[in-house]
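Colleague: Dock chain one against chain two, each of which comes alone in its own frame, and use the hints as you go.
Note that the protein sequences, when read in sequence, are chains A and B.
Residues 1 to 698 in the numbering used here are what the first sequence lists, from first letter to last.
Residues 699 to 1215 in the numbering used here are what the second sequence lists, from first letter to last.
Keep in mind the hints are simulated off the structure, nothing from the lab.
Hints may be right or wrong, so weigh each one.
[As the list claims (entries may be wrong)] Between beta-carbon pairs, the in silico distance windows are: (1) A/N440 <-> B/V1188: 43 to 53 Å; (2) B/T1144 <-> A/A109: 17 to 27 Å; (3) B/T1144 <-> A/P489: 17 to 27 Å.
[As the list claims (entries may be wrong)] To list a few chain A residues with every Cβ distance to chain B over 12 Å, as calculated: (4) P125; (5) P137; (6) T140; (7) G198; (8) T312; (9) Q455; (10) S514; (11) L527; (12) P539; (13) D544; (14) M574; (15) A615; (16) L628; (17) G650.
The C-beta atom is built at its ideal place from N, Cα and C for all residues, glycine as well.
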Amino acid sequence: MVLNGSLPTRNRSHLAGHDRLAAFLTALRQTPIPTAPPPHDSHQEALGLNLLALALRLEHIDRMSEALTLADSTHMARSVSVDVNMNVLTPEQMTALRSDRASQDSMPAAVWVPVARQSRTDMAPVVVRDAAGEVVPRMTQVETAQALIHGMSKAFRMFLYSDPRTEIGTELLHDIRHGLNRSRWLIEATIAHMIDTGGRRRGPVPARSERHRKTDSDSIRDKAARAIVQLFAEDSPFLRLLDIAASEYLLVVQIPTGSSQAFLRYDGPVLPARSGGRRGRATIAPWAAFQHEFTVRYSTVIPRAVNSYHVTLEVPQEIQVRRFFLTSDVDAPALRSLINDMRAVAESYDRLKAVSPKLLELELQGIVSRLAEFGRRRYRDLESFMSYIEDIYSTFSRRRPRFPARATNPGPVSAARSLVPRQRIVTGLGHLSHQYETDNLRKLADGLIGPADLQRWADALSDAQLDMDIYVDNDPRENAGHAHWQRRPFGTDPQSVEPVSATVYMALVDDPPSLASSVSKLLLAVLVLVVGFAVVLHPQLFDDIPLLGQVGDTLAPDGEGRGPLGTADAIVTMLLLVPGLLLSRLDIPSGKTVLGRLRIFPRYVAYTSVIIAGALALTVASVRNDRLAGPFVIAILALLLLAVLVGIDGLAKAIKRRSRVPVNQVSPNWLIAEIRRAPRRRARCAANFSTIGSGDHA
Amino acid sequence: MLSTTRQHPALASVAARAASAGSPTVLFNVTHFGAGPEATPLAPPTDIAPPSEHDHVATETLAFHPADAGFQVHTWAPQTPSKPVEGVSISRIAVSPQVDERGLSYHLYRGSMVINPNFLYDPAHSSEILVTLGHDPWRPDFADSLMIARVYHGMTSAAVAGSADDEGVPVLFLQSPVAPFRDPSPKFRGDGSGELPRVASGMALRMLVGLDSSDPRKRIALLSRIADLAHEYGLGLQAADRRFGRVRGEWWSVISPDFDKYKRRKEELFDWAPPGVPEAVQLVTFVGPARVGSSAAITADFVARNMGILAVSEASLQEMAFLNVMVPIAPARMKDTPTAGTCLPIEAGLGQLARDCGLTRRQEASKPVPIGRTAATDYQVLSTGPVAPRIAGADEYPVWLSWAIPLEPDAAARPPDVAQLALAQLCAADDRVTGGRIDYYRVRVTPDGRVKGRAKIVVSLVPSIARTSIPGKLSELCGWAQREVMATLVRDHVPQRSILLRLAWRERWLGRVGTVM
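Just chain B, same shape as in the assembly (with noise of 0.2 Å):
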């Protein structure tokens, strides 16, 4: 966050991109990705050209591909001053869902929003915190889901609570399955440079928050809380290490998971969550302008009307808040309709949303407190399902990519996109890969022409590996595809010189780059 003698720069900055854009607008396409229960989609490749306008680059693209089902958001200011909205109208934010031309799994969703100069938050200026669940890779039950609903919304209520006069801190940026983090023991610890292999994904929840370094209050008071919540439900909690010198993905650990109490807590609180794991879920996207408590109004309807949340997905992106959430639909629920898509305004929303995974009767959920008096007042809900994930639950590897070279405008000679190079790059050693995704994707285009991504990949390695040589195998292979997709970057005439590439299983090796996570 940025304290109040910095933000007339930040304020002038957006005024004048927004000036010079052409429209009032940034326009934006969700992408819902997920079939039914039958069908084995292929995950849409992660690209920067929106998926509605291929002529276009997007500011700013996330992805997010939990289990074969997931999101993916593009947002961009229009050169001309158009708005994707069917007939009159002057409301500020519109959302249509479109035929997907790329298949029958893809829901895509056109919508614009008018510009939000009200948040004006720095990346920069944040703080990262982890919070653990369990260490074993991801397969949630339904008990576990509404256990993540109820941490998240303990987090971001967390963020904005405080004193009256205050208005509490933004969350940035928030996901969940993550990879969880364990502090290394002696035998891999090494010099202090070694790692233990991380899970890919894990029950944890990853918050980046906006902090003001000028009232240093409000993260001890956030932290406590947090630390508060942990101790409350048996959860690992760790914050980024503040040390000076260190960098995005080095941890401090602050409270270890206490696995007993959480199992406990669980079904003290949800012992009549169905058993096992969701087949069908439903995927749901509230989109708004960027405001502090958004998430906590939205995830505090959730709690009260008992829907659990498996994946989540929370990110501002040009001043606009992205929500994406996998939502598991109760068995007793499950309609063999196909797959359907609708746009809602928030309260509606909700309440379709409730009908159609809510884990109890309608009875027996809690009132919740009305929307429409909450910040995310005028939100939209974007709801494609049902959708069957694969929780498969397998022994998956997290490779950490990022990477900056220039951006080319002619979409037909731009090289191909840098994590699907690294992807399939590290899925061409298959002595020792026997397959990877893109877990999650971030690219922003930066003003002075330049592309900055990250991304996870995740890899799943060949059984007969020892786990104590993984690592040293890990760094094999990242240090042999890095300069392979390198070697692809120059051969399709992307100046090497330009290339800032990197490829490692350490998160903190890639230090700090520019873009969240």
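Only chain A is shown next, with the shape it has when bound in the complex (with noise of 0.2 Å):
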């Protein structure tokens, strides 16, 4: 039985070994077979395999900076500059990737370099200009289809050439290299189909011809497949490269040759937030209407050999950030290396020690001292976060915040004891780093620490997201926000080739001066009118408020009814014009906007205090005046009820702004279990980016 079935479109890229191999094969069943051997170009395969590997691995990019501004409250546009070092590429990849090439110097003038990898489904157009603001060539998708194409083929062609198999008689790999010539030019063309539609597209299921002649396109077929399951397994990389070349658009540029470093510069397409499903297009979620502060998530991935990484937000002027850091994972790799480590040895507990204690001792003393570098380096971000937050607290109070890390007085713990995770991890760790620096934790086989604190230890750290690291802002200005990340590498442990996924946590909100502030004078404004007319009008209703009752009585009609408001069409004027020449004066702005979202509650509250005083003032020109009491009454009430709202508005604000910890879904849990002691449901943001399409592979 062959795999005809094709594949779901969605999440393709997420594809596992098994489906990858059978996309490969759906693929292989809707490519026409060729008759002729498809072309070979050395150059082109040689530009093509580079091409590939520079931008999987991106070791050329030095530096990379992101500039984001949020366009409005749904997309956010970003300005990437990545600073490339020739110097990496040697001179085989210089002449391979050469962008003339008839050329015939050694050296080439200029070369074909790859600077970001996209996804298929966000393209837009890029322009992509250098130091001097000149716009730099880009090489067509097309063209890199084209190389990527005889690139594939070629690497097909090696695993075919190298294997054992190929040079016995009566194996397939044999015929397929020698004598089944069609079957393997099938697999080629199958590999520039792939890469030339993306692999995406559905078929009907192809019926079967009835003949088994040799000359059959399913006989054909059939071995091409059968040939293909022999050489390459579920999870072989060959495939993962292909699903790769075939999900993604690479970004490549011309860079001269001339001087070892090149600037680049351009502006990545624009980035939708994303709802909960993977691919959907968010709005704004309706209960972030009513937050006090706009939270935007932006997640990324920083290149392997990026060192160090500058992200950057610019809002306008009236708008705050409040907090500002970014997250990374850049301990992952050693985080679950020392997880499985745990977990193995926790396992295999008993036999290693039978087998002989020092062989336990030495992993446990392994495990332990990673222990100790990870309490190191996060009470150190621990300790960089709670600064953040004093200089914040300093900007609008004299008290400084409380945290538990540094309120507790530390104690000295026992050397068994810091062997056992807390709830505070972070501080339990850097009691253990300093345990084990003192010497205090040479023996541990003797029972000091036994397959169940591993095991605990090992799913106390994956809950407490201990890889996660931390960078604040450090933008002295209010309206901005700079973190700058650089690589810490895991002690003598090579650097990782795995790139690491940042995300940055922006919560952006309009301190007072603020609308808010405005809304409320108006609003005070309106209630001052409004009860200012009731007064005159119905001093009864004051009789037991001291001082107003005073004023009504004084001001109150004589007894022919002549006071000093004569007529009802004085007060509409007055209830009408007022608080709409004050409205008139608040620089309300459009709903789209950041701004827009984060004014929505005073929006709200100063039409209504408008609405209320028109809805009086007709009351007044069309209700016989002895019955206005109860319509002023009901306006003041309503007034006052607003007036309590925006009170509590700024008391929420006033508590937000002394928060120690944002708890969503950004911040690491081990920063929140330090700060706050009871864990609290977690937040979305109300805005989410990420360039971290659908087609990742990081």
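Modeller: Structural data, given as structure tokens:
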């Protein structure tokens, strides 16, 4: 039975190994069988494979800076600058990547270099400029695809030619290499087909012919499919490479080789906010309308060779950046390996001890020494975060924030106790690293740490997200944020070959002098106006209120009904004109912008107060004078209610401003556990942006 | 070993390198050196230029000269799509002997192999193991050589033994004899930085296995199996120290050697072995695409056919496996024939080797597993012999050297080899040093045009130096020689700022260097 089923198009790039193989076999069924060999071009082969290899590791990119701007509340624009180190490219790579293939010079004048990978779903025209602002030539996607096709076909032939079975006459692979040319050409054509079309096409299930001759397409396809299954295991790196080449575009630019460094800048495609669904584009959730801050989460991938990454955010003057920090999972490989080690040692604890107690001791020492290093790292991060919050507090309060890590008096902790995970894991690890450095943990195999402890540590470490580090905002301006990430290699471990995923959290607010304060003034003015009219027209309402009662008595109309306000027209005019004038003085932005989102509540309050005044004016104009007491009372109560809401809003803002740690999905668990004792439900950010497209292969 | 998430960038790099090279093959030179019983050969000077193509630079070079006889391997990718094969050939591996212009005691083999994209292992994710048979200077007899073969087989098969769905871990490097390690006594330890001067070459095997950090069970299982092996034969076992921040050359002693038990086991197993130290050996190189399990298959054959191993150096260079062994020739099989070289496919090659070197008669050997069904099925055997090794068992001290300098593409303008310079410099201190040689040498030319190397130089000291003052004297010697070598390189127009050089008698002082060992 052959695999004829087609794959769903969604999430294709997150394919597991068996799906990749099945996708290839499906494409094999849909590709026309060539009757002549596909063209071979050694320049294109070398170009394609080098582009792919460089794009996967991006080792030539030394530094990366991203400047983020919120186009509106659901779209983020980003401008990316990269420093390209041309010295990393070897002479062979330079020759393979030359942009002028006819040139005879040993050192080409310019080379094609990939600077980014993009998912094929998020495509937009990208203009790349160099340091002088000149536009840099880009390779078209068609040319890139051609080079990738040649390169991947070459890689396939390498696998085929290096297989020992090709030298045994009875093996299928021998025939595929030497005799069954059409099957081999078909495999190469399938590679081309997949890269051209993105490998996403669904097709009808092809029918099978009833004859079984050698020239039948079924026979050719079956042999090709069998050869592929023999040659590539499900998790073969070849199929993974092909998947990447088929689902992503490479941004390839021409860089002159004259200087060793090149600086490039390009505006990435505008990112839409993502909803909870994987591919959906989000609008702002309704509940977010009454949030006191607009929270944004931005996720991206830092290439493996980048040692320095900057991310900046600038927002309009009216908005303040309340919190801005960056977390990355740079220690994830080290933590994963530590947790794996812990679980493996816990499982084979007794066996190791039986083989040799010193072997067990070696494993335990390896584990505890790395735990101690994690303690040192995260404690430093915690310290920097606490000083960041203290700095923020100092801008509005003399009181310093209280942190459990600093408040509790750290008494000496025994070596045995330091080896037990606690809820505040970073503090616990701080104690452990101290004990380790003072040589109190030299004999671990004597029962100081058992298999159950190791399992608990492994659970605690993965729950606490201890691989996430934190870099805080260091921009002194209120309407901008900047975080600088640096790679910290884990000990003498070689630099990880995995890219780092980084997440930026930002909370944007409308702090005083804000719309809310202007609106409260408007509200006060309307309230005074309404109360004033009520006092004049119906002083009896205020008999029990000390000051207003006396004022009412003084201004009350005499027996002939002559008072300061003779006609209703004047009252109506005042009630309509004053709030209207005040409202027109307020700067109420469009609801789509971030500022508009932040100002939704004061806007509603302003409109409501004007509506109340208007409604009262209508009542005054149409109702008899002696029946106005009721409407006035209702209006005053409504306005008071609004005033209370404004007060609550102000209070909530003040509390929020004093929040020591944002309890949301970006903050690592260990940070929340260190600063807040009781765990709370984690909030989602109002807007989530990500460059990690559905086609990420990090 | 790379986890599956990291294999595809590695494959892209390997394939890109291969596609850029202009040829689908990697060329190699294997030099066997050693002369018949009468002559005293001169070890070929170490160099990164392959002997058959002086105007080229080898991407990887390995030299191993344990006893006035040894091996050199050079590998490189050619710039033209040619293969050094006579006639029309489509075979993936081709090798032929060639007359070496340098002298009669050198046997040169030229070959080529199609690039193997299936072996994607990274020496950076690896673990090192040191198994000690004895702490004395290297002087193995026939029974010892059989024990070494058995331990070697035990270690390589421990690396491949695993569950059915698991192919095992690759042996990236294995060598014997190497400098054994002993935990320093308080007299030498000092503040913890002190170390006992190590014996330059002893009966010990050092193995580097590629390990995936995502599956530590493999590592634990491997260590347990090797610990069982060490218990069984009374061997000492040290593993690379896994504590945070520890570097290569720092060892953690797991099991101390039990020499009595080793002797007992040796007598139990090989009481029939001829007495004495071997006088003649066959130099053999097995070459083929690097694969997990190939060395275990070859050593299984050695054990089954009762062939001993005096010295071994197994390494994978550019995804090719080179397994160099020094096989003792039984006194009964000694013939007065001149030294000759042969190239044979593995089945015929092993048969020939058993005829030349088997320590028992054919009837007494057990039937080996047919090699054609193992991972070493397509390997070639390059064999040179008989050759007379010089197994002196003298007191010698190792000095480790690591360096990195920019590559000078012009052969005429290239400065002399750094290891040779260091050796000459050390030998120039004739008030302390009576002689020296390069025991091990491994150089890699990195794609960005740097020559990175690591070497072990062995020196013998003037007998009048007291044992306790040896560390101090060696420290002075290394510091002085390092400065002088640096000065020579600068005089040869190598920019000083681009030279990284370290010469130390304590291996861990080199820190972590990219090149293996």
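Colleague: If a hint holds in the structure, say so; if it does not, say that too.
Modeller: Outcome of the hint check:
1. One distance hint, 43 to 53 Å for the beta-carbon pair A/N440 and B/V1188, holds here, with the actual separation near 49 Å.
2. The hint said 17 to 27 Å for the Cβ distance between B/T1144 and A/A109, and at roughly 25 Å that hint holds.
3. Range check, B/T1144 to A/P489: Cβ separation about 19 Å, and the 17 to 27 Å hint holds.
4. At roughly 27 Å, the least C-beta separation between A/P125 and chain B is larger than 12 Å, which holds for a residue marked as non-interface.
5. With 12 Å as the threshold on Cβ separation, the claim that A/P137 sits away from chain B holds: the shortest Cβ distance comes to roughly 22 Å.
6. Every C-beta of chain B lies more than 12 Å from that of A/T140, the closest at about 21 Å, which supports listing it as non-interface.
7. A cut-off of 12 Å between C-beta atoms confirms that A/G198 is not in contact with chain B; the least separation is 18 Å.
8. With a least beta-carbon separation of about 29 Å from chain B, A/T312 lies farther than 12 Å from that chain, consistent with its non-interface assignment.
9. The claim that A/Q455 is not at the interface with chain B holds, since no C-beta of that chain comes within 12 Å of its own (minimum 14 Å).
10. Residue placement check: A/S514 keeps its beta carbon more than 12 Å from all beta carbons of chain B (closest about 48 Å).
11. No Cβ of chain B comes within 12 Å of the Cβ of A/L527; the nearest lies about 64 Å off, and the non-interface call holds.
12. The non-interface label for A/P539 is consistent with chain B: the shortest C-beta to C-beta separation is roughly 81 Å, beyond 12 Å.
13. Residue-level check passed: A/D544 sits 76 Å from the nearest beta carbon of chain B, beyond 12 Å.
14. Against the 12 Å criterion, A/M574 stays outside the reach of chain B, whose nearest CB is about 73 Å from its own CB.
15. Separation of A/A615 from chain B is adequate, the least Cβ-Cβ distance of about 65 Å exceeding the 12 Å criterion.
16. Every Cβ of chain B is farther than 12 Å from the Cβ of A/L628; the closest lies at roughly 76 Å, confirming the non-interface assignment.
17. The claim that A/G650 lies off the interface holds: its Cβ sits roughly 50 Å from the closest Cβ of chain B, which is beyond the 12 Å cut-off.
In the structure shown, no violation is registered for any of the earlier numbered hints.
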